[in-house]
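K.L.:
Each chain, letter by letter, is given below.
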Amino acid sequence: MKIKLPDSVASPQDIDGLITEIHEYARWFSHESIKVNAGIKQTSDQPILSPPTTEMLQNWQKQNSLSQTSLDSLISSLKEYLTNAPTIAIILAAPVTNSTRDKLVKWCRQNIATNVLVEFSFNSTLLGGLVVRYGSRIFDWSFRSRLLAASNNFTKVLRNV
Amino acid sequence: MSLTFLQAFLIINILIIGILIAIAIRHLLAHLRPQPEEHRLAHSNENSIKLPKEVKEKLLKTAQINFQTVLDHSASELQRDLKITATQVNHRLEKLSQQMINDEMKLYHTSLEELRQQAEANIKAAQVEIDNHQAELKSQLATKQAELEAEMRQEVAAEKQSLLEQIDTKLADAVMALLTETLGHNVDLGAQNAYLIATLEEHKKDLKKGLIDEN
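Chains F and H, in that order, give the protein sequences. The numbering used here numbers the first residue of the first sequence as 1 and each following residue consecutively. The numbering used here numbers the first residue of the second sequence as 1001 and each following residue consecutively.
A portion of the hints provided could be inaccurate.
Stated by the list, open to error - The calculated DSSO-like cross-link candidates involving lysine-lysine, where the alpha carbons are at most 27 Å apart (straight line), are:
no.: 1; chain 1: H; residue 1: K1205; chain 2: F; residue 2: K103
no.: 2; chain 1: H; residue 1: K1209; chain 2: F; residue 2: K2
no.: 3; chain 1: H; residue 1: K1204; chain 2: F; residue 2: K106
no.: 4; chain 1: H; residue 1: K1208; chain 2: F; residue 2: K2
Worth flagging that the hints you see were computed from the coordinates, not collected in a lab.
Isolated chain F, as found in the complex (with noise of 0.2 Å):
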């Protein structure tokens, strides 16, 4: 079954956690479930889910009957989405935020491939731009390679100044 992620839900380590969530929540889902048939009252408090874990579910619901089975195959598609989906590591020059992640997120599910896993680390000395690798693959945009592939045009600058 095909699954969309969140734009929140970027890398491997987010799909991991989603992963965990959900299957705490199925744990939950099978513990009350069981009460429900026993006619048994008391029941515990639904486990506290991260919002992208709540929309991923939301979403899940409107396709799908909730269930214990169809839980169980959420995970295995999600698990199934983490071994099969392209990852990309991008690097920018301080740690991301979350408006900062999510366009990125976005733009690359739109522009290279709709399930594509980002990984966002940083490295002050990139002074801005980013960085994107790739399996074996680097594309340096950083302001760093900028500036030093620039070298001499900066020496020659200065002195014209």
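Since the structure of chain F is already known, use the hints to place chain H on it.
P.N.:
Just chain H now, with coordinates in the frame of chain F:
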């Protein structure tokens, strides 16, 4: 040739002097040994005429005086001839030696002149050779100097360029370090969002191609 002539002349002179000395000795011996003749005359006189003792003594004395006179005269003649001969020989020798000296001097002068001319020619040739060599050396020196100057100019230019590049590199490194130090801690990603998206848009094809190639 003059030496041979002189030798011949001297030999002839010695020969003449020898002949004269031999004649004089012969005369002297003839006068000093009159006895056989006197004996013969005495015998003949004894055989022919008997002269008184006073006459004999007188004749003998007269003969002795005459002989002495002839002998003196011959000796003086011989002495005079010897003097003349010696004078002539001396004169000849002097003349000959003078001529020899003149000839030798002339020859010496000629040889000296030849040597001088030869030395002069050699000196001129050597001077020409030295001038040529000097000109060649000057030419080589000028060429070498020009080459060295050109090489030095190139080296100076290269060194200058190298120093300029080093300065540029150092300057760029310094500015880079300054930028890194200044901007590294104050990066606003929010302000870079548009730039980041624009960069990704710009390299969208590269990213897609990378994904396709890796898969």
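K.L.:
Work down the list of hints and note, for each, if the structure agrees.
P.N.:
Structure-based check of each hint:
no.	hint	result
1	H:K1205 x F:K103	19 Å, holds
2	H:K1209 x F:K2	24 Å, holds
3	H:K1204 x F:K106	14 Å, holds
4	H:K1208 x F:K2	22 Å, holds
Checked against the numbered hints listed earlier, the structure breaks none of them; every hint is satisfied.
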